[in-house]
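Trainee: The primary structure of each chain is shown beneath.
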Amino acid sequence: DQQVKQNSPSLSVQEGRISILNCDYTNSMFDYFLWYKKYPAEGPTFLISISSIKDKNEDGRFTVFLNKSAKHLSLHIVPSQPGDSAVYFCAASAEETSGSRLTFGEGTQLTVNP
Amino acid sequence: DAGVTQSPTHLIKTRGQQVTLRCSPKSGHDTVSWYQQALGQGPQFIFQYYEEEERQRGNFPDRFSGHQFPNYSSELNVNALLLGDSALYLCASSVGTGGSYEQYFGPGTRLTVT
Numbered sequence: 001d002q003q004v005k006q007n008s009p010s011l012s013v014q015e016g017r018i019s020i021l022n023c024d025y026t027n028s029m030f031d032y033f034l035w036y037k038k039y040p041a042e043g044p045t046f047l048i049s050i051s052s053i054k055d056k057n058e059d060g061r062f063t064v065f066l067n068k069s070a071k072h073l074s075l076h077i078v079p080s081q082p083g084d085s086a087v088y089f090c091a092a093s094a095e096e097t098s099g100s101r102l103t104f105g106e107g108t109q110l111t112v113n114p
Numbered sequence: 001d002a003g004v005t006q007s008p009t010h011l012i013k014t015r016g017q018q019v020t021l022r023c024s025p026k027s028g029h030d031t032v033s034w035y036q037q038a039l040g041q042g043p044q045f046i047f048q049y050y051e052e053e054e055r056q057r058g059n060f061p062d063r064f065s066g067h068q069f070p071n072y073s074s075e076l077n078v079n080a081l082l083l084g085d086s087a088l089y090l091c092a093s094s095v096g097t098g099g100s101y102e103q104y105f106g107p108g109t110r111l112t113v114t
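The listed protein sequences correspond, in order, to chains A and B.
If you're matching positions, the first sequence starts at 1 in this note's numbering and goes up one per residue.
If you're matching positions, the second sequence starts at 1 in this note's numbering and goes up one per residue.
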């Protein structure tokens, strides 16, 4: 049962353009959502998060949008830079039932071309 | 400030053997979670330790066991290794077990079972 899904295994964008990564979830108990970035041979690095009481959170070039009714979130990167090329994981947690246990999606490989 | 450290970096074992992986959490963190990341997949939650006790467990067999020491470091033990146990094993640390607390990941231990 894949509770968090990232349907696009890969995404390629030009430097300076917007990157949009998508994530869908099925468990309505999820109340906290996170995006992690992973380079080869490194562990995932926290990027940005959003609580279920919000619909948008912004941090510099990164913005996460949450649509609870659609059980969908997205990560926008503007402008995209070649250094953003990495695998991006969407993750979710359910504070009440499972605390900080994270459920991850399969990841999306983002390639930003110069 | 050292982040999360894991040892060893790489490990090759034979089917049926036992393995122990080690994790030191980020300074100030008291909770350690372990994840298994198979090739092309997102990390899967194995278990979480807090106050030297297993607090949560994912869908993994009893062959997977762990321990947390008084200094908050942790070990992951896998008995009777199977070929399917080949994966990247990630350790993550955080403060407490709340869902909104950011988890910091180590670089992982790459386990290959032959």
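Don't read these hints as lab results, they were simulated from the structure.
For clarity, every value in this text was computed on a predicted model and none was experimentally measured.
Don't take each hint at face value.
To be verified - Heads up, simulated EDC-like pairs for lysine to aspartate or glutamate below, C-alpha to C-alpha not over 20 Å straight-line: (1) Lys56/A to Glu42/A; (2) Lys54/A to Glu102/B; (3) Lys54/A to Glu15/A; (4) Lys71/A to Glu42/A; (5) Lys26/B to Asp84/A; (6) Lys68/A to Glu42/A; (7) Lys56/A to Glu15/A; (8) Lys37/A to Asp62/B; (9) Lys56/A to Glu102/B; (10) Lys5/A to Asp24/A; (11) Lys37/A to Glu15/A; (12) Lys26/B to Asp85/B.
Trainee: Which hints from the list above does the structure break, by number from lowest to highest?
Mentor: Structure breaks hints 1, 3, 4, 5, 6, 7, 8 and 12.
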